[in-house]
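Q: Chain by chain, the residues:
Protein chains: 2
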Amino acid sequence: MSTSLKNDRFLRALLRQDVDVTPVWMMRQAGRYLPEYRATRAQAGDFLTLCKTPALACEVTLQPLRRFALDAAILFSDILTVPDAMGIELYFEQGEGPRFRKPVRSAADVDALRIVDTQRDLRYVTDAVALIRRELNGSVPLIGFSGSPWTIATYMVEGGGSKDFAIIKQMMMATPALLHGLLDKVAQSVIGYLNAQITAGAQAVQIFDTWGGVLSPTAYREFSLAYMSKIINGLIREHEGRRVPVIVFTKNGGLWLDVISTCGADCVGLDWTIDISEARRRIGGKVALQGNLDPSVLYAPAEVIRQEVAAILAGFGQGNGHVFNLGHGIHQHVDPEHARVFVDAVHELSAPYHRHV
Amino acid sequence: MSTSLKNDRFLRALLRQDVDVTPVWMMRQAGRYLPEYRATRAQAGDFLTLCKTPALACEVTLQPLRRFALDAAILFSDILTVPDAMGIELYFEQGEGPRFRKPVRSAADVDALRIVDTQRDLRYVTDAVALIRRELNGSVPLIGFSGSPWTIATYMVEGGGSKDFAIIKQMMMATPALLHGLLDKVAQSVIGYLNAQITAGAQAVQIFDTWGGVLSPTAYREFSLAYMSKIINGLIREHEGRRVPVIVFTKNGGLWLDVISTCGADCVGLDWTIDISEARRRIGGKVALQGNLDPSVLYAPAEVIRQEVAAILAGFGQGNGHVFNLGHGIHQHVDPEHARVFVDAVHELSAPYHRHV
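Residue numbers (my numbering), protein chains in the order written: chain Z, 1 to 357; chain C, 1 to 357.
Chain Z on its own, in the form it takes in the complex (with noise of 0.2 Å):
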């Protein structure tokens, strides 16, 4: 496998490094506003079989690259394939998002868990990044992910998604011992996942902490950057002679930025609720930070999308370390011409903040 890069903007942002303009990519790039995103997710018959069928998976991680001058492409797939594979049974009800057939509530429950085995398990990931990577022959580099195991362990033990997450902190308050438990196989899980992602090609990961904001600092600290942080502590860090960052995203984490900062990270993701100006003044000796754009500009005209832009740009200020890209994933019914304005709009506005006098 050949280890040039066209373009290494993100990666050497995320190491802090120099660049000419900043780089950016969004979450959920490749999903349903794109209308060939539809089309192909219709072909595929349901959304798990899209995620299952490397080519298919290839196809919809590609398609954004073909329109948009993005500075990454990103694994298509979805958080909740390790807790499928972990033994208790994803499904998608019609309209009401992921489901488990078995969630995990005991002891047992929880001793009835696989660690994952990617080989063996989740195969069609590893496939999918190994052909995303030839498809990609070099142009920019390819993120592979997982979710948090607190964010994972949300799903389990909710048994889907949630809105006040009762049962999970049901068990933190009453039971944490068995929350340790379960959080640490779903740990141990994520460490031969995401390694098995480095082996077959991905260059930089991010771990989605989709749902740590919803806790107090403490338990923050104790039930999902512990976690994160040991399973930064189990990844290969060095892979086809460079350096694999790795990017931790807590939405709604701002108040917490100083330990999250401490967690083994390279970047760490920011929501559109802080300052990034703040944010750089707090960690940006320390950290590459990423965001961090409220993904609702989307919906505005192209000029405030550009003046939106222009005022991150600024609030980041001169100097490297940042990755453009939204506070979270791209919504669904955004107009795809809003996105290249935004994604032009970042390299354009941020060329003078990379010129060396």
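Rather than coming from a laboratory, the hints here were simulated on the basis of the structure. Fair warning: this is a prediction, and the values are worked out from it, not measured in the lab. All C-beta atoms in this analysis are idealised placements derived from N, C-alpha and C, irrespective of residue type, glycine included. No incorrect hints appear here.
Partial selection, computed: residues in chain Z whose CB lies under 8 Å from chain C:
1) 164
2) 173
3) 272
4) 297
5) 301
6) 333
In silico lysine-lysine, DSBU-like type, Cα no more than 35 Å apart, as pairs:
7) Z:286 x C:251
8) Z:163 x Z:230
9) Z:230 x Z:6
10) Z:102 x Z:163
11) C:251 x C:286
12) Z:286 x Z:6
13) C:286 x Z:163
14) C:163 x C:286
15) C:6 x C:286
16) C:163 x Z:163
17) Z:163 x C:230
18) Z:230 x Z:286
19) Z:251 x C:230
20) Z:251 x Z:230
21) C:251 x Z:163
22) C:251 x Z:251
23) Z:163 x Z:251
24) Z:102 x Z:230
25) Z:163 x C:102
26) C:163 x Z:230
27) C:251 x Z:230
28) Z:251 x C:286
29) Z:251 x C:102
30) C:163 x Z:251
31) C:163 x Z:102
32) Z:286 x C:163
33) Z:251 x Z:102
34) Z:102 x C:251
35) Z:286 x Z:251
36) C:230 x C:102
Sample of chain Z residues lacking proximity to chain C, with all beta carbon distances greater than 12 Å (derived):
37) 48
38) 264
39) 336
Use these hints to put chain C onto chain Z, whose structure you have.
A: Positioned in the frame of chain Z, the structure of chain C alone reads:
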């Protein structure tokens, strides 16, 4: 109406005056976790009838005070009675939460909205306030409340609850003047509504900004905080010879405490994602603080509840200006006996923090 109060700890703490122990109440303390509430609600037949029948609203307001040593009562009502009175027809779909028959999407929709005349449109609320005051008979103060204009507007525009607030954010980005027109009408309605509650006997008021935390820092200031300031500027601030304190609570607003503390409120509510010692350091010199136990701690065994209460009391530390509360409403599946442990722990464990040496 008598102005003597047997227990004025709550009002004193809001004004950062001396108290013997830290006062405590619980958001949604009159609610589904109480079997007597469920019985009264069944008697009413449906939720809106419960809100609209003063004798029943009074009954459920008083129920938690008969069980627990709470330092304040809060009017039982709903933040959506205001938009209902503005003419967009609230109803509740079985298992689906609140819905509006005529969501607000266009300039014509905004023009068609009535400014609420509380004595004409929401007389049932002020009747309930007067009745509750009579029944309380000076035992503890009564809190009135409203939703924030932004929070109310999310329901009006989306037509009900929302996960990503796509429609109102689209309005905010593409036609901000239209949204400002809507927020202004809601704010005018809320000013009259809260003043009517104060005149009828509410001794403090809280503005619930449940959804302000989904905005960016600049959008929050422009579309949520500005309208809460406007309301506070329009309120009666002295009644029955006492100051009427105002509490502002923005869920997920922890990053913005500094600006929130300048909005004119006497007290800022905290959810559980911020360490109260940090909050006090940042704004405790300007306003009182209310909060901030994670409501799911009430699922824990009694000893854990007491430890978590102790940790928050220690975090706030010695001195005045703290009203203990949960960081959000009490969950419906909490055992009422755990609520009692919580309330009693606050009183018992806080005494040392108020001793004058």
